[in-house]
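Asker: Those sequence lines, one after another, are chains G and L.
Position 290 (the first sequence) corresponds to 290 in this note's numbering; numbering is contiguous.
Positions in the second sequence are counted from 1; adding 1000 to them yields this note's numbering.
Read the hints as simulated data drawn from the structure, not as lab findings.
On a predicted model such as this, the values are computed, not experimentally measured, just so you know.
In this text, a Cβ means the ideal position worked out from N, Cα and C, and glycines have one as well.
Do not rely on the hints blindly, as some may be mistaken.
[Said to hold, decoys possible] Restricting the straight-line Cα-Cα distance to at most 35 Å, the calculated cross-link-like pairs of lysine-lysine (DSBU-like) are:
#1 K290(G) x K1031(L)
#2 K1021(L) x K1075(L)
#3 K1031(L) x K432(G)
[Said to hold, decoys possible] Residues of chain G placed beyond 10 Å of chain L at every Cβ, according to the derived structure:
#4 Y134
#5 K177
#6 V234
#7 E425
Residues per chain are reported as follows:
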Amino acid sequence: MVAQYHHSLRFDVDRCDGCMSCMRACPTAAVRVRKGRAVKLADRCIDCGECIRVCPRAAIVPLTDQMADLSKFEYKIAIPSPALYAQFDSEVFPSMIFSALKQCGFDDVESVSPACDAVSIATEIFLNEYRGQYPLISPFCPTVVRLLQVKYPELVDQLLPVLAPREISARDAKLRKSRETGIPPERIGAVYITPCPAKIVSILEHPGMEHSNLDAAVSICDLFQTLAAAVSRVQESEHPMDVVESASGLSWAFLGKFPRSVPAENTLSVAGLPNVIRILDDVEKGRLRKYSYIECHACPEGCVGGCLTVENPYLARGKAIKLQQSLPAGCIADRRDVEIAYRKKEFLMTERLASRPLRPLDEDISRAILKMKERDRIHADLPRIDCGACGAPSCRAFAEDVVLGEADRTACVFFWQRDIANRIEQLANLVKAQQEAIGGLS
Amino acid sequence: MAEWFESVYQVLGRDFSNAGKVSTSIKDTLKRIGISPAVVRRVAIVSYEAEMNLVMYATRGKIVLSVSRDAVTLKVEDEGPGIPDVALAMQEGYSTATPEMREMGFGAGMGLPNIRRNADEFDIRSEVGRGTHLFVRVAHRQDSV
Chain G
1 MVAQYHHSLR FDVDRCDGCM SCMRACPTAA VRVRKGRAVK LADRCIDCGE
51 CIRVCPRAAI VPLTDQMADL SKFEYKIAIP SPALYAQFDS EVFPSMIFSA
101 LKQCGFDDVE SVSPACDAVS IATEIFLNEY RGQYPLISPF CPTVVRLLQV
151 KYPELVDQLL PVLAPREISA RDAKLRKSRE TGIPPERIGA VYITPCPAKI
201 VSILEHPGME HSNLDAAVSI CDLFQTLAAA VSRVQESEHP MDVVESASGL
251 SWAFLGKFPR SVPAENTLSV AGLPNVIRIL DDVEKGRLRK YSYIECHACP
301 EGCVGGCLTV ENPYLARGKA IKLQQSLPAG CIADRRDVEI AYRKKEFLMT
351 ERLASRPLRP LDEDISRAIL KMKERDRIHA DLPRIDCGAC GAPSCRAFAE
401 DVVLGEADRT ACVFFWQRDI ANRIEQLANL VKAQQEAIGG LS
Chain L
1001 MAEWFESVYQ VLGRDFSNAG KVSTSIKDTL KRIGISPAVV RRVAIVSYEA
1051 EMNLVMYATR GKIVLSVSRD AVTLKVEDEG PGIPDVALAM QEGYSTATPE
1101 MREMGFGAGM GLPNIRRNAD EFDIRSEVGR GTHLFVRVAH RQDSV
């Protein structure tokens, strides 16, 4: 049985013209072009959104929510990713963005900064008490989690089982607002203002949890125009000054020199999927055992590089660093409170993370071995220039598709030419033989 | 006659820019065949340590991967200086790594001991001035250990 996984993007066949940009950009070889249209291989897709970045026809649609979808909630709390602040100039303070979000239709806005600081403390406690295999890997980027589940199943046990700040903020804000307003928590919507589609995946099926505390996600790019207009209307005097932000909370939006959540000793931070893949390859080979913790961001420069942001990630990072200078530098979470909550398991995932490795060439190892030999035989016969004309991203991927019966060998133009040439030669030989036979008769 | 799959990888000594690629490729192949994650990890560690030994010490060499229904085997054969005292080289912490190798994070003297720890069968033969041959078998079915 093939399990169905939730995904955060949809390929629009009417817009797709089969240009292959997404197929070439996909880091997990999850796209094929068949009959002139891009097709997603759902079990390989890790929702990184690289295809969204490169599609020239906007044919890949992120399944984020629109503002109109949120009317089903009686009360709406916006939970902005710290990457949102970095889309604006550093003179635009988070408090102004909060006021503007309220003008856009949210009843309240919750900052993730306190939860970021609290999660950092929880991570520190976990690391101090951990006695398993090293290094631990950060679980906050849903694409990284999915990458591990699909491509590195043996490393899934090394994912840190601590919840992301956005989940903690959503849970706490809903409970608090429910107490204040009397509206039951299930009618309150916690809406993430997201820089990427991957967060949708963790909302639809949260790894290590029965369900997510978030209810919806609106993308930064969908909201930006309305929000920017609202920000420009916000007067200095009217924005509330009680917004709790911290420089350390903001640092969760981008790649730092060290992981955002733990001390620098024996830790690494990595951003950009190709780099993350190289690091995980090294972890798998046992090379990085002396590191205790590796923070992985799928997007270049971290969340500021999300494919649903509007600003160039390097500019956004610069703006965030500048904004940090005007925010309080210390931790804004109370260590004792966090420790108590940690002991009550409020920061931990409740279920063991499951892996979902790609299906092998065959469920039966003997047959899989035969297919692997066949794959190599076909591959050796291909031009090995990865031209993509067959609709697969590489000759190797094509050879595998052929072995699995998902593509026909003649889809390779080089093979096809040779095949035709062979047939012409055979026909010519046939004609010659026939002529000789007739000649012999006459 | 049971089916088996074989693949041969060439490795060049001192080729640090490509070091590690063979073991990545071996591990990807095993995953596609459906070898269990725990075994893939053991073979990944073995092939990586062997590949790095080759890159650091040998002139050139090859790694031969074969996979049968029961086991994964690696044959590593190099042309190189050889190991004068194999028993000593097998000791944890013993290393002949140069300062340059240590700067790159190698030379903790755990390479060969790590290989043996992850192997179900292990054999090493070395001839000074000629080279080293290494054989490792990792069973991937419980009943074939």
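Asker: Of the hints given before, which are not true for this structure?
Answerer: 3
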